[in-house]
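Use these hints to put chains B and C onto chain A, whose structure you have.
Chains as they are written, first to last, in my numbering: chain A, 1 to 279; chain B, 1 to 279; chain C, 1 to 279.
Don't read these hints as lab results, they were simulated from the structure.
A pair holds if it fits inside one copy or across any two, identical chains being indistinguishable in the list.
Derived lysine-lysine pairs resembling BS3-like cross-links, with alpha carbons at most 25 Å apart: (1) Lys-80 with Lys-245; (2) Lys-245 with Lys-158; (3) Lys-224 with Lys-158; (4) Lys-80 with Lys-224; (5) Lys-156 with Lys-85; (6) Lys-209 with Lys-251; (7) Lys-158 with Lys-85; (8) Lys-214 with Lys-224; (9) Lys-214 with Lys-167.
For reference, the chains in residue letters:
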Amino acid sequence: MTASPIVLLTDFGYRDEYAGVLKGVISSINPHAQILDLTHGILPQDLVRASFVLTSSVSYFPRSSIFLVVVDPGVGTSRKPLLVKAGEYFFIGPDNGVLSSVVEQMGHPRIFELNHPEYFLSPVSSTFHGRDIFAPVAARLSLGMPPEELGTPCPKMKSLEIPRPVKTDQGLDLCILFVDTFGNLILNLTAEQFSQWKQPGCCMSIQGKNQIHKISTVCSTYAKAPDNEPFLLISSSGYVEIAVKNQSAWKFLDLESLETRIWLEASPGNEAFPVDQGD
Amino acid sequence: MTASPIVLLTDFGYRDEYAGVLKGVISSINPHAQILDLTHGILPQDLVRASFVLTSSVSYFPRSSIFLVVVDPGVGTSRKPLLVKAGEYFFIGPDNGVLSSVVEQMGHPRIFELNHPEYFLSPVSSTFHGRDIFAPVAARLSLGMPPEELGTPCPKMKSLEIPRPVKTDQGLDLCILFVDTFGNLILNLTAEQFSQWKQPGCCMSIQGKNQIHKISTVCSTYAKAPDNEPFLLISSSGYVEIAVKNQSAWKFLDLESLETRIWLEASPGNEAFPVDQGD
Amino acid sequence: MTASPIVLLTDFGYRDEYAGVLKGVISSINPHAQILDLTHGILPQDLVRASFVLTSSVSYFPRSSIFLVVVDPGVGTSRKPLLVKAGEYFFIGPDNGVLSSVVEQMGHPRIFELNHPEYFLSPVSSTFHGRDIFAPVAARLSLGMPPEELGTPCPKMKSLEIPRPVKTDQGLDLCILFVDTFGNLILNLTAEQFSQWKQPGCCMSIQGKNQIHKISTVCSTYAKAPDNEPFLLISSSGYVEIAVKNQSAWKFLDLESLETRIWLEASPGNEAFPVDQGD
Numbered sequence: 001m002t003a004s005p006i007v008l009l010t011d012f013g014y015r016d017e018y019a020g021v022l023k024g025v026i027s028s029i030n031p032h033a034q035i036l037d038l039t040h041g042i043l044p045q046d047l048v049r050a051s052f053v054l055t056s057s058v059s060y061f062p063r064s065s066i067f068l069v070v071v072d073p074g075v076g077t078s079r080k081p082l083l084v085k086a087g088e089y090f091f092i093g094p095d096n097g098v099l100s101s102v103v104e105q106m107g108h109p110r111i112f113e114l115n116h117p118e119y120f121l122s123p124v125s126s127t128f129h130g131r132d133i134f135a136p137v138a139a140r141l142s143l144g145m146p147p148e149e150l151g152t153p154c155p156k157m158k159s160l161e162i163p164r165p166v167k168t169d170q171g172l173d174l175c176i177l178f179v180d181t182f183g184n185l186i187l188n189l190t191a192e193q194f195s196q197w198k199q200p201g202c203c204m205s206i207q208g209k210n211q212i213h214k215i216s217t218v219c220s221t222y223a224k225a226p227d228n229e230p231f232l233l234i235s236s237s238g239y240v241e242i243a244v245k246n247q248s249a250w251k252f253l254d255l256e257s258l259e260t261r262i263w264l265e266a267s268p269g270n271e272a273f274p275v276d277q278g279d
Numbered sequence: 001m002t003a004s005p006i007v008l009l010t011d012f013g014y015r016d017e018y019a020g021v022l023k024g025v026i027s028s029i030n031p032h033a034q035i036l037d038l039t040h041g042i043l044p045q046d047l048v049r050a051s052f053v054l055t056s057s058v059s060y061f062p063r064s065s066i067f068l069v070v071v072d073p074g075v076g077t078s079r080k081p082l083l084v085k086a087g088e089y090f091f092i093g094p095d096n097g098v099l100s101s102v103v104e105q106m107g108h109p110r111i112f113e114l115n116h117p118e119y120f121l122s123p124v125s126s127t128f129h130g131r132d133i134f135a136p137v138a139a140r141l142s143l144g145m146p147p148e149e150l151g152t153p154c155p156k157m158k159s160l161e162i163p164r165p166v167k168t169d170q171g172l173d174l175c176i177l178f179v180d181t182f183g184n185l186i187l188n189l190t191a192e193q194f195s196q197w198k199q200p201g202c203c204m205s206i207q208g209k210n211q212i213h214k215i216s217t218v219c220s221t222y223a224k225a226p227d228n229e230p231f232l233l234i235s236s237s238g239y240v241e242i243a244v245k246n247q248s249a250w251k252f253l254d255l256e257s258l259e260t261r262i263w264l265e266a267s268p269g270n271e272a273f274p275v276d277q278g279d
Numbered sequence: 001m002t003a004s005p006i007v008l009l010t011d012f013g014y015r016d017e018y019a020g021v022l023k024g025v026i027s028s029i030n031p032h033a034q035i036l037d038l039t040h041g042i043l044p045q046d047l048v049r050a051s052f053v054l055t056s057s058v059s060y061f062p063r064s065s066i067f068l069v070v071v072d073p074g075v076g077t078s079r080k081p082l083l084v085k086a087g088e089y090f091f092i093g094p095d096n097g098v099l100s101s102v103v104e105q106m107g108h109p110r111i112f113e114l115n116h117p118e119y120f121l122s123p124v125s126s127t128f129h130g131r132d133i134f135a136p137v138a139a140r141l142s143l144g145m146p147p148e149e150l151g152t153p154c155p156k157m158k159s160l161e162i163p164r165p166v167k168t169d170q171g172l173d174l175c176i177l178f179v180d181t182f183g184n185l186i187l188n189l190t191a192e193q194f195s196q197w198k199q200p201g202c203c204m205s206i207q208g209k210n211q212i213h214k215i216s217t218v219c220s221t222y223a224k225a226p227d228n229e230p231f232l233l234i235s236s237s238g239y240v241e242i243a244v245k246n247q248s249a250w251k252f253l254d255l256e257s258l259e260t261r262i263w264l265e266a267s268p269g270n271e272a273f274p275v276d277q278g279d
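Same shape as in the complex, but just chain A (with noise of 0.2 Å):
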């Protein structure tokens, strides 16, 4: 039998000590735990971003791993810390809404309040909820205690909305959902979405500080991409983005803002997409 890695995704950072400490506090309860980081690059609170990176990245890990998700901005308030089984998987965090794309993306949730002190750091500060009830409660979940024993069945869990793009007289309105190390923009639509839409005349449009840019190209590579042009690509996570070939399409596009105006149109005049055979 082999043991269930635990996967850190935290907003925590790098320069500070807390994901350290996260480690040291599971190496303390299991000391044969093997600690996987997923990211600690989360921009601070960002529930969306954490949300969608774990949803992108959970299928990657072996089954029965066990996500600690410590993106917490209600941590000390009575927002209940999870434990969900879902799938083949183990997500352990507060019920804020990081969860639950994910969890449904699995299906057939069991959820359990956190609610057995016994099984925590004593005291439990207000202010590190990540060190003091979840980092033990996944150590000692992949010691192989079951989760009935950890918490009591809790009926649902709260739900983040990811924001879906939106209708208008023209076409969709999108965002952007974050941008990467890169520089590449990735959107609020999926592939299937954007496969509906990838028709003759229809067209990307994005605001820029100074001018808006209509991007005209899809390629299936950033190799194939032309230079000097932004593009459209489908993500390897199934987004739809916004790229630059050698380039970052954020500083390309002279963006200010992620909060920036994104749509897609399909008026009469534009033309189509031109798109690539891909590989």
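Then chains B and C, alone, in the frame of chain A:
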């Protein structure tokens, strides 16, 4: 029997290969070593910050953990390389004070100077003792080699002064120990010291770029804090911090430097701190 | 028998989940894999820097380590995915030159093209071969599968040119290979090349924003260096670097770009480099 994990704390950052190379050296000597990153995000040569991180984190790690601390502005000089056993932990690093607070906290130190070059990499460079001296010694210690074989007893070690609050006629002059990822300002004031001052007529002041901010709210959690107003909180490490709910206090207070003036005063006419009831 | 660790070197940064997903894929195939992060902080698509990091780090890792190198601007094109055995190490990555220096240094390479899709994830995306091709192959190799089963022998691989010093009438034209976390400038000049030039009348010059800085001090350690003055030092990797004691040379010299002009000249009238005695 469970092996001792090796816990890494450095100012190497994440852009370079230095932290990775430590892991290579350790794994080359002890392929089964469990290596945990505390953080590599200490600002270059910031001994006070590293000392603080170590002190506030140590007790969350398993007994017999080996802390490998490489914040080493004097590398290549005659400062001694040390191995210290204190409490149930081992600390390896330069004799520049970075280990003194944690060793004092743990008590009953046994200090060894690392002067057996047969246990170092050869040749020893003058710029990277983390790789050439400290990592190989940590790996051998994790294999069970006793400290007595790795070094020679040493009567004392250098002390680092964490700046203490300074009493003035009006109250206490304080300073910022560090700013965490969330923009919270951690002060050189412990919960215990603060409890002696938290009384009617007591107020925290901080010099911003253009104005003095007076802080008169103490909250037990971030969530209970008012919006758009700085407040005081006992951080999870036991020190007082200045925070702003869902914002960076650093940015909110428009600070430009860690060197800004902060003081706590108990002058007549100031209102008492409203302290909520905690949870 | 000890398993081979898998050593990760990428330009994924730490904000996104990409590096974490590699670990998930590896652990899904080999739950006992030991995964070591070399760094994920290579700047996007910086093949020279990645190549340099690999070359200067490899010998500190255990024999039979598997280096998984994902700096891959040509992902999705026809560039081959490779597995190379050289020296006692394995290297997995794209055939874009990033592996060539380390393979040349190790010698006696056996090169395989990874063309057995049954060992990849399915489907293979066009944007993330690190996840879909390289990580699964690394995991299988760490399980003991022989390279011959994972790919087909391949006669040669692409070479990356690390820029070499250029001889001029006056001396050598150099360039900055990279700037490390501490702000030290690592030059494309090896200790050996430098030893041939370190003689009376030899001086390093670097073009700052508003002035040319002449550097005439060589130190064997940072600590022995004078204050507030740039100096030369042989870095721990064997290359010459420009440093300033307890400061960032990058900031001290007021540089704005890596593309600045640097040259070493042996003109009459310049004083010899004062070289201290080392330790």
